[in-house]
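Start from chain A and add chain B according to the hints.
Protein chains: 2
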Amino acid sequence: MASSVRAITRNAAALLIGNELLSGKVEERNLAPLATSLRALGIRLERALIIGDDRAAVAREVRSLSAGHDVVFTSGGVGPTHDDVTLEGVADGFAVATEIHPHLAGLVKSHYGAACTPDHLLMARVPVGAQLRASPEVQWPTVVMRNVWVMPGVPELFRMKLLIVREHLIGPSQIVSRALFTQMEETDLKPLLDRAVALHPCIEIGSYPKWFDASYKTKVTFDGVVESQVEAAVEELIGLLPAGVMRR
Amino acid sequence: MASSVRAITRNAAALLIGNELLSGKVEERNLAPLATSLRALGIRLERALIIGDDRAAVAREVRSLSAGHDVVFTSGGVGPTHDDVTLEGVADGFAVATEIHPHLAGLVKSHYGAACTPDHLLMARVPVGAQLRASPEVQWPTVVMRNVWVMPGVPELFRMKLLIVREHLIGPSQIVSRALFTQMEETDLKPLLDRAVALHPCIEIGSYPKWFDASYKTKVTFDGVVESQVEAAVEELIGLLPAGVMRR
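Listed in order, the protein sequences are those of chains A and B. To get this note's numbering, take the position in the first sequence, counting from 1, and add 4. To get this note's numbering, take the position in the second sequence, counting from 1, and add 4.
There's no promise every hint is true.
Within a straight-line C-alpha distance of at most 20 Å, the following computed PhoX-like cross-link-like pairs (lysine-lysine) qualify [said to hold, decoys possible]:
no.	chain 1	residue 1	chain 2	residue 2
1	A	214	B	29
2	A	29	B	223
3	B	214	A	221
4	B	221	A	29
5	B	29	A	29
6	A	223	B	29
If you want the ones that stay clear, here's a sample from chain A, every Cβ over 10 Å from chain B, calculated [what the hints assert, rightly or not]:
no.	residue
7	12
8	111
9	132
10	140
11	167
12	244
13	251
To be clear, the hints were calculated from the coordinates, so they are not data collected in a lab. Only a predicted model underlies this, so the values are computations on that prediction, with no experimental measurement involved. Glycine residues also receive a C-beta, built at the ideal position from the N, C-alpha and C atoms.
With the rest of the complex left out, here is chain A (with noise of 0.2 Å):
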């Protein structure tokens, strides 16, 4: 099921799902991964959204993001039990069903052996027209619907799979960053910054105070996709400092 041939993406959103999250029982912590791992391939993540395990939302934010991005990774809610309502969210949001996937219904039945019951089969459920994505190191695929990957919400198995996503999926091109850290507060620093923003349109110029370690006062990042562009917004702002201020 793996493809040799990775899809060009431009950009995603994400789709947190579990009341968990928003009852602060459990901390969210895919976001963070996904982010990292769609920045290192170049796509960009452009929004997140986390919502209760309520099928009728689900629906509808599958279908507006799905609509409005590339691609959409959504996160939780893929168990058997009341609360996992996921697939079926997600069926809806492109007005199908679900049904039970062959080979999924194969990998159940042959893990669980003699014990396996129709509850244990749904874990083999699909939205109708879903293809699987696997890789080389991941046996158990990932349901895919339309440009939807739905990913489980357990953090382990999250990260696993995203190294499927890593095998079918790039972006146009790599985004270089470069960081400074300086010992200048930001207010200071804000007439300087708005000189190299100006200077330089095509770098994302970032600027963040630290407030609680004394190692360094402001953070500034650069991001743009033409390297040499990226290291002439970083000198341009060198250039601009006053003597003494970056910590090397």
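Showing chain B alone in chain A's frame:
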């Protein structure tokens, strides 16, 4: 500015703002403490959205979330630099301008003294019509525009501001939570859970498998506003469980 009467608040949404959260450069750390604090107050957090430093997107989402929820909390984008667009975005969302608030300007001036510049005063910007909320523990007030609380992104400051939230808002009733830890696989639990869910429609029952921890296999949570009803649902499920599967 602190009020002795807390406003009854049923539900909430969060708007977490920052390119760095979507690029994976910085891990989101404010949702969990917000969720926990609101839960303790009996306020239901219904959705959280993470977007980049995009003034138009902030305006659009603030308008939509503000209309659909009793209260909205934004996080991030309140500094003085070019990528801090939250206050302007919130103002746009309510179709007002921003202005320098005299009380905040006084705080900024007394903090910076003779070194205070117009750039420092950007930190005294508020949407026209905004109010300030403080508490006995937190001197620097939080900007509240209609039902939108504008909170800082720096996690230590965000947590501090939650003290002000607790001073001003309260849910309609406390939420009672119980949890059972079982040695049953989630799929085997499913028919028993379905029965407990059907018999206790007012209780929110959640099922959370633990994959990489030998101490239990599935955690079941019970939430409601009437303690006796929550306890009855817990006892119902305990009565359905086979012997020896509970972690006590």
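Beyond 10 Å from every chain B Cβ: check whether that's true for residue 140 (chain A).
-> Consistent with the label, residue 140 (chain A) stays out of reach of chain B, its closest Cβ about 22 Å off (over 10 Å).
Mind checking the alpha carbons of residue 29 (chain B) and residue 29 (chain A) for me, to see if they're no more than 20 Å apart?
-> Violated, at about 25 Å.
Is residue 223 (chain A) within 20 Å of residue 29 (chain B), Cα to Cα?
-> holds (11 Å)
Is residue 214 (chain A) within 20 Å of residue 29 (chain B), Cα to Cα?
-> holds (14 Å)
Nearest-CB test (10 Å) between chain B and residue 12 (chain A) = Residue 12 (chain A) clear of chain B: closest Cβ-Cβ about 19 Å, beyond 10 Å.
Non-interface claim for residue 132 (chain A): all C-beta distances to chain B beyond 10 Å?
-> Check passes; 23 Å lies beyond 10 Å.
Could you let me know if the closest chain B CB is still more than 10 Å away from the CB of residue 167 (chain A)?
-> holds (16 Å)
Is the hinted pair residue 214 (chain B) and residue 221 (chain A) satisfied, with a Cα-Cα distance of at most 20 Å?
-> The given pair, whose Cα atoms are some 40 Å apart, is violated under the 20 Å limit.
Restraint check for residue 29 (chain A) with residue 223 (chain B), where alpha carbons must lie at most 20 Å apart = It holds: about 11 Å lies between the C-alpha atoms, which stays within 20 Å.
Examine each Cβ of chain B, and state whether all of them lie more than 10 Å from the Cβ of residue 251 (chain A).
-> For residue 251 (chain A), whose nearest Cβ neighbour in chain B is about 17 Å away, the distance exceeds 10 Å, so it holds.
Hey, does residue 244 (chain A) actually stay past 10 Å from chain B on C-beta?
-> holds (14 Å)
Is the nearest Cβ of chain B still more than 10 Å from the Cβ of residue 111 (chain A)?
-> Given a closest Cβ separation of 14 Å, the condition holds.
Going down the numbered hints, you'll see the structure goes against 3, 5, while the others check out.
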